[in-house]
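Starting from the known structure of chain A, arrange chain B on it as the hints suggest.
There are 2 protein chains.
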Amino acid sequence: MSKRIAIVGGGAGGLHLGLYLLARGVQVTIHTDRRPEDYRTQRLLNTVAHHSITIARETELGVNHWPTEQYGYYCHYHHFGGEQPIFFRGDFKSASRAVDYRVYLPRLMQDFAERGGHIEYAELKADDVARVASAADLVVVCTGKGPLGQMFEHDAAHSPFDRPQRMLCVGLYKGVAEEPTRSVTMSVSPGQGELIDIPTLTFGGMAHALLMENVPGGDMEVLAKMRYEDNPRAFLDTVLEKLEKHHPTVYRRVDRKSFDLANSPNDLLQGGVTPTVRHTHVTLGGGKLAIALGDVQAIVDPLCGQGANIASHAAFVLGEEIVRQSIYDERFCETVDAKRRDRILGAARWTNLFLQPPSPELMQLIGTMSQDRALCDEFTDNFNRPEAQWDRLASPQRILAWIGEHRAPAALAA
Amino acid sequence: MSKRIAIVGGGAGGLHLGLYLLARGVQVTIHTDRRPEDYRTQRLLNTVAHHSITIARETELGVNHWPTEQYGYYCHYHHFGGEQPIFFRGDFKSASRAVDYRVYLPRLMQDFAERGGHIEYAELKADDVARVASAADLVVVCTGKGPLGQMFEHDAAHSPFDRPQRMLCVGLYKGVAEEPTRSVTMSVSPGQGELIDIPTLTFGGMAHALLMENVPGGDMEVLAKMRYEDNPRAFLDTVLEKLEKHHPTVYRRVDRKSFDLANSPNDLLQGGVTPTVRHTHVTLGGGKLAIALGDVQAIVDPLCGQGANIASHAAFVLGEEIVRQSIYDERFCETVDAKRRDRILGAARWTNLFLQPPSPELMQLIGTMSQDRALCDEFTDNFNRPEAQWDRLASPQRILAWIGEHRAPAALAA
Chain A
112 MSKRIAIVGG GAGGLHLGLY LLARGVQVTI HTDRRPEDYR TQRLLNTVAH
162 HSITIARETE LGVNHWPTEQ YGYYCHYHHF GGEQPIFFRG DFKSASRAVD
212 YRVYLPRLMQ DFAERGGHIE YAELKADDVA RVASAADLVV VCTGKGPLGQ
262 MFEHDAAHSP FDRPQRMLCV GLYKGVAEEP TRSVTMSVSP GQGELIDIPT
312 LTFGGMAHAL LMENVPGGDM EVLAKMRYED NPRAFLDTVL EKLEKHHPTV
362 YRRVDRKSFD LANSPNDLLQ GGVTPTVRHT HVTLGGGKLA IALGDVQAIV
412 DPLCGQGANI ASHAAFVLGE EIVRQSIYDE RFCETVDAKR RDRILGAARW
462 TNLFLQPPSP ELMQLIGTMS QDRALCDEFT DNFNRPEAQW DRLASPQRIL
512 AWIGEHRAPA ALAA
Chain B
112 MSKRIAIVGG GAGGLHLGLY LLARGVQVTI HTDRRPEDYR TQRLLNTVAH
162 HSITIARETE LGVNHWPTEQ YGYYCHYHHF GGEQPIFFRG DFKSASRAVD
212 YRVYLPRLMQ DFAERGGHIE YAELKADDVA RVASAADLVV VCTGKGPLGQ
262 MFEHDAAHSP FDRPQRMLCV GLYKGVAEEP TRSVTMSVSP GQGELIDIPT
312 LTFGGMAHAL LMENVPGGDM EVLAKMRYED NPRAFLDTVL EKLEKHHPTV
362 YRRVDRKSFD LANSPNDLLQ GGVTPTVRHT HVTLGGGKLA IALGDVQAIV
412 DPLCGQGANI ASHAAFVLGE EIVRQSIYDE RFCETVDAKR RDRILGAARW
462 TNLFLQPPSP ELMQLIGTMS QDRALCDEFT DNFNRPEAQW DRLASPQRIL
512 AWIGEHRAPA ALAA
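From first to last, the protein sequence lines stand for chains A and B.
Add 111 to a position in the first sequence, counting from 1, and you land on the number used in the working numbering.
Add 111 to a position in the second sequence, counting from 1, and you land on the number used in the working numbering.
Bound conformation, chain A alone (with noise of 0.2 Å):
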């Protein structure tokens, strides 16, 4: 008998599994409220870059529709305000890539339909529970919404916030030229925040994602509460106002006459997240559990762009251990987490550590990376391998070690 699988929410790590498991022969039924068709008028959900591992697992599914020669950016260029400005840059290995969420799920949710998985469209409630239960032999949980994203409880030691740490403001904007090189720009604002410029597919083409993270108090706040349809001169003009100030090196290249949002009032999204943590399963009756898959077991900030990498990442996990093994009780989830935790409590730690203000030994590494390309170039291509990332910055000793090694040939030569 072929093992069934429910998977309650059609986001990229519950899409990602599906395909990966319909690919093996498993049945796989994913639950979602959301139509292919809805996306198209939806509100932006979200940025996301994928990074090339995410990109490489996107070819293994027969995914990946959006090549980088057409659509990915090279590099992270770093701007750092204050008294003396540094502005740097540093290379990935391979390319990264994003594409507007409402272009990408719905082609993924129509690869997954053509290929034999099944869709349920309904919203879960409570009552349904025990019905997708019985009808699977293991529950994945990607999506927070509706009764079993409730259920899995936080974990208070890899939780240290009770309140998003930044306000953010997110939109797809035209008028932003590229850097020479297609890029992602990281612009911080010391003590006022960070911009991350993302060059985005949406619907009508190439457009960039300005990500605000906004210190609360600060003044880049107002962004995240302004109504772009009361008034959308006077939300660009303050967007405006503000990079000038505080992003310069984003501001430099908008063109103020064609500035505005990419599509429609729909490419905004403001608000917060609390950055979390959660336990990984919960007990459903009748011997079934539900696994937590995404955001469910952790929501990072966006910061870091881990979000996506690190769903797809715990997707091909829990595939690969769904197909190894068959027996899905708490030993089973133990066997996943033990593979997958280490990558995204990397992206969780590291994140939240960029969301404080630096110590003094980071402010050093960034001072570093600023005169030595090799080593913002690692920095770089850690996006792709977060624990190996928090291998590097895990404690002042660690990031002053790192600093040291990419010294020392130098010395050498000397």
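Everything labelled a hint here was simulated from the structure, so no lab data went into it.
Cβ coordinates follow ideal geometry from the N, Cα and C atoms, glycine included.
Check each hint, because a few of them may be wrong.
Only part of the chain A face toward chain B is listed, based on derived beta-carbon distances under 8 Å [to be verified]:
1. S437
2. R442
3. K450
4. D453
5. Q508
6. A512
7. G515
Below, chain B alone, put in the same frame as chain A:
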């Protein structure tokens, strides 16, 4: 500058780690209050079987002085008493071997010293901790004795018991014949406890360790309290009486006339251990950490013969990471634990399961093993990999699935 590691405790875990590190150019100091010459007159320390996975590590370390061709055993005989007693056998893929630690440890100390390892002979006091820490990059604690062993807190989630589950009476005896194949016998007297008979090399040659695991309040508990020295004949007669009644497949190999402790009254050890898992690192001040190894990380009841094997495994994992990494902080301890934890918890959980009255599914497994040599061989060889054993035993579902796998080929052949 060479790495400097302090190892507190001179048991198998500490010595395997010390030898591993010495071979890789690390400066190692072992702190112990026992000199090699002290062991000759010491009371029996434990009974320890080294399975082939551990013997392979000894070979790698160049300390396999006791070849299995001469000292090894090849299988387990299982006896389950009751109304319909069963007796059956399972084979290892490669031989196991037991050497009295009063022979084993001083020989490895000699190897360690001859290869340039430093041993400091002193009982550490609280005042010594700062000195030991300041002279090392990392302190490894593998004895519960002394001020350092006390610093590691219980991990309540994996320490289900607050008292010993068996009253132990373990001795090295002469006058016990072998089965036709040299073997360990695991004899179960339902409700009363277990006897593990282990052919063991001691000072005068091969003898038999009889490890009596007596249920508190049961008919055999008296053996954990009766003093050999008070009246050797009365003690031996009581042992013989209890063996005849509860462990007949061992008793039938006993020659009553020559049956006695193998060397001296020191060959007897009585007491009990509370199975305990501890948190694995503590901070010592000055940025130094102490990490737990062996019994300090997990004390398991000797029932399943896992203690030395998991300590040696953990020593190698720790040694590999000490060599691979250079900063011994909390992240270091976390990466070490991630690599050794599953095997150690596997041993603890499996042993704890077997200390409890068996579930119906476990009884069914035992019954099937008695009829199915391939299944029992797999169970037996899993003594090398307790995490694999736990994959089979962790839930009733898993036990039934394991039985089912072994039934399926027969059904096909029928």
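Hints, verified against the model:
The criterion of a C-beta within 8 Å of any C-beta in chain B is met by S437 of chain A, whose closest approach is roughly 7 Å, and the hint holds. Because the closest C-beta pair between R442 of chain A and chain B is about 4 Å apart, less than 8 Å, the hint holds. The criterion of a C-beta within 8 Å of any C-beta in chain B is not met by K450 of chain A, whose closest approach is roughly 10 Å, and the hint is violated. A distance limit of 8 Å between C-beta atoms decides the matter here; for D453 of chain A the minimum to chain B is near 6 Å, and the interface restraint holds.
Because the closest C-beta pair between Q508 of chain A and chain B is about 5 Å apart, less than 8 Å, the hint holds. For A512 of chain A, the interface hint holds, since its Cβ comes within 8 Å of a Cβ in chain B; the closest pair sits about 6 Å apart. With its C-beta approaching chain B no nearer than about 10 Å, G515 of chain A sits outside the 8 Å limit, and its interface hint is violated.
Figure legend: structure checked against the earlier numbered hints; hints not met, in rising order: 3 and 7.
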